[in-house]
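Chemist: Could you build all of it, start to finish, from the sequences and the hints given here?
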Amino acid sequence: MQLSVVILNYNVRYFLEQCVLSVQEAISGLDAEIIVVDNNSSDDSCLMMKTRFPEVKLIENKENFGFPKGNNIAVNQAGGKYICILNPDTVVAEDTFTKILAFAEEKQDLGIVGCKLIDGTGSFLPESKRGIPTPWVAFTKIFGLYKIFPKSNLFNRYYAQHLNENQTGKVEILVGAFMLLEKDLYQKLNGFDENCFMYADDIDLSYRTLEMKRNNYYFHETTVLHYKGESTVKDELYMKRFQDAMNFFYQKHFKKSWFFSFFIKIGTWFFSFVKMFQGKPKEKPLPESYILYSENTNLTKKLASILENKVRFLDFKKEKMVNSSLILKGKKAEIILDNHYVSFKKCINIIETLKDKNITFKILPKKASYIIGSNSRNDRGQIIKIE
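Using numbering that gives the first Met the number 0, you'd call the opening residue of the sequence shown number 0 and step up by one each time.
Rather than coming from a laboratory, the hints here were simulated on the basis of the structure. Glycine residues also receive a C-beta, built at the ideal position from the N, C-alpha and C atoms. A few of these clues could be false.
[Unchecked claim] Between beta-carbon pairs, the in silico distance windows are:
1. P53 to M0: 16 to 22 Å
2. A101 to R51: 28 to 34 Å
3. P284 to F148: 34 to 40 Å
4. L153 to D243: 26 to 32 Å
5. S368 to L29: 28 to 34 Å
6. K251 to A303: 52 to 58 Å
Modeler: Put into structure tokens, the structure is as follows:
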């Protein structure tokens with residue numbers, strides 16, 4: 000078997016459904032499997048999986064074991080040569096795995112491969128590629144020096160700015176939302192460190208891979224939609240776990256001194272504090288107009304009734320019409336992409352291409368009775384049922 004895609008879920012039933020649907024289409028031409036491991040969700044994630052995807056291997060944990068242990072449990076049952084660790088709040092393109100596996104097969108001393116990630120607004124997620132967060136690199140991040148001197152090797156290492164977002168190359172740290180590596184390597188590394196509940200686990204795994212003299216890569220030739228934040232409510236508990244996770248990484252891998260410990264304590268507190276408040280959803284005005292990108296004209300009236308607003312219909316075969324129609328003189332618009340007619344790859348491409356502060360996006364997944372999306376990388380996303 001070529002590939003096992005491991006998806007760890009916790010209380011994101013609708014995002015999980017869309018993710019699995021996209022993965023199914025992406026592995027249709029491969030010898031591959033999907034393994035969903037649920038960390039004791041209180042929603043109906045497991046019922047949905049059994050009903051909609053009975054052919055997918057489902058592991059139901061009886062408690063929330065956290066990100067590292069949950070993934071380790073699944074990988075132990077995986078049969079693929081390669082493992083892809085994938086967040087449930089992602090959407091992959093139909094050719095994502097074909098492209099990234101071909102890239103991986105060409106490399107010697109391969110470590111982990113990550114890819115280009117965008118959020119629900121189409122904006123690039125800079126954590127797709129990062130450097131080792133040494134005390135100095137963390138300092139440049141905390142005080143924003145990487146923004147002031149983006150071309151300086153001294154200051155631009157936190158987000159691996161030696162590569163731009165559209166440039167493939169070696170990086171040090173990859174993000175756990177999408178990580179592809181050989182199962183043999185995963186097992187040699189003993190998987191994710193289960194002493195870390197979450198948040199530093201991807202940094203730690205990437206770093207230990209480098210210690211084994213393997214090369215980690217950022218691969219830009221496929222884009223994955225990562226709504227980000229759907230699995231985690233950023234509250235006081237989040238703040239504590241984030242701080243504990245950073246402390247875990249530094250204590251494990253770096254020599255400590257009084258100054259170092261003090262700096263890290265202040266820095267991690269500051270980071271987690273900022274992230275906590277960034278994560279609180281802000282109310283945004285409703286779109287002034289809606290555009291349905293589909294072939295199903297009957298859906299227009301149904302959506303108009305549910306959204307209580309006029310919905311303009313555009314045939315998906317005429318993409319130029321979408322571009323020309325978006326000259327809305329500053330009005331806020333929402334584009335609804337009907338996945339029955341618009342592939343996931345095309346959905347991702349449209350979101351990335353048409354990104355604009357006045358435009359939001361939703362996807363209507365195949366055979367689903369809801370539209371789904373996220374207007375900010377800091378909120379938990381929106382699901383609107385259309386039954």
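Chemist: Output the numbers, in ascending order, of every earlier hint that fails for this structure.
Modeler: Failing hints: none at all.
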